[in-house]
Amino acid sequence: MLLVTFLSAAFGQDPASGWMGYAVGTYPGIITYIEAKWTVGQNPTVGGAFFSPWFGIEASDNLNLIQPVNPWVGDSWEIYNEYYQWVPEYNQNSDSATVSPGDVLFGSVTYNPSDNSYTMVHTDLTTGQTVGPTTISIQQADNGAYKNYTIAYFVMEKSEWDCNQYPPDGKVVFYDIKVEYDGKQVTPNWSTGIVDDNCNCRASVLSPTSIQITWNTN
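Residues -18 to -1, 1 to 200 in mature numbering (1 follows the signal peptide of the UniProt record, and there is no 0) are what the sequence shown spells out, letter by letter.
It should be emphasised that the hints constitute simulated quantities derived from the structure, not laboratory data. Predicted, not measured: the structure shown is a model, and the values here were computed from it. Hints may contain errors.
[Said to hold, decoys possible] Straight-line Cα separation of at most 25 Å, DSS-like style, residue types lysine-lysine; simulated pairs:
no. : residue 1 : residue 2
1   : Lys19     : Lys160
2   : Lys153    : Lys129
3   : Lys129    : Lys160
4   : Lys153    : Lys19
5   : Lys19     : Lys166
[What the hints assert, rightly or not] Computed Cβ-Cβ distance ranges for the label pairs, DEER-style:
no. : residue 1 : residue 2 : range
6   : Thr27     : Asn98     : 27 to 37 Å
7   : Val28     : Ser82     : 36 to 46 Å
8   : Val28     : Gln167    : 38 to 48 Å
9   : Asp124    : Pro10     : 19 to 29 Å
10  : Val168    : Ser82     : 28 to 38 Å
11  : Asn125    : Thr27     : 11 to 21 Å
12  : Gly30     : Asp164    : 37 to 47 Å
13  : Gly11     : Glu142    : 33 to 43 Å
14  : Gly29     : Asp124    : 27 to 37 Å
15  : Glu60     : Thr117    : 19 to 29 Å
16  : Gly110    : Phe32     : 36 to 46 Å
17  : Asn125    : Gly165    : 20 to 30 Å
Idealized CB from N, CA, C, for every residue including glycine.
Required output: the full structure, derived from the provided sequences and hints.
This is how it looks when you write it as structure tokens:
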């Protein structure tokens, strides 16, 4: 849930309004590690928009999201780490770093059993800039039990813009995807979906380790 400011989100949960094409992965057990690489898109031909390709992990109730994000912030690209929860509504962003079109990015989320938390790291492999580590404690459900993060998402988010305000390359490819459940590398059961049908934005599973999201640019 990519936010600049807090928004009213009563009774909401993911997949959320504002998401366009996305892929979702599940597998029995708890996510203990996930990583992926992708390339920063070209600058939009028309500026002023705020959107992001991102990946992340979600609690099984779809109410808590841990996500390395790569937003276009109107006139430049950034990377930062974000945590969003729906109930009670809360959003936390790390410090950000500016990145450039064509830079190769790497993001990871790691489970820490010693303190029941997850740590995000987000690196520009082209320049060496790193954001994080950012550690998020696992939250408790209403019954007092700690939540289980079981869902992986790859998403293009923020749907209110004209097609020429998205990157003119028309796609982002997440590759070298690695996912571990309960400490073992697995291939999740991938599926794709759409929330807001804008600019024909669609996700497709290219392989067990590669997901592409495409959109129209005019």
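The hints, checked one at a time:
no. : hint                           : verdict
1   : Lys19 with Lys160              : 10 Å, holds
2   : Lys153 with Lys129             : 33 Å, violated
3   : Lys129 with Lys160             : 22 Å, holds
4   : Lys153 with Lys19              : 14 Å, holds
5   : Lys19 with Lys166              : 20 Å, holds
6   : Thr27 with Asn98: 27 to 37 Å   : 46 Å, violated
7   : Val28 with Ser82: 36 to 46 Å   : 19 Å, violated
8   : Val28 with Gln167: 38 to 48 Å  : 41 Å, holds
9   : Asp124 with Pro10: 19 to 29 Å  : 24 Å, holds
10  : Val168 with Ser82: 28 to 38 Å  : 34 Å, holds
11  : Asn125 with Thr27: 11 to 21 Å  : 50 Å, violated
12  : Gly30 with Asp164: 37 to 47 Å  : 44 Å, holds
13  : Gly11 with Glu142: 33 to 43 Å  : 36 Å, holds
14  : Gly29 with Asp124: 27 to 37 Å  : 43 Å, violated
15  : Glu60 with Thr117: 19 to 29 Å  : 20 Å, holds
16  : Gly110 with Phe32: 36 to 46 Å  : 26 Å, violated
17  : Asn125 with Gly165: 20 to 30 Å : 26 Å, holds
Going down the numbered hints, you'll see the structure goes against 2, 6, 7, 11, 14, 16, while the others check out.
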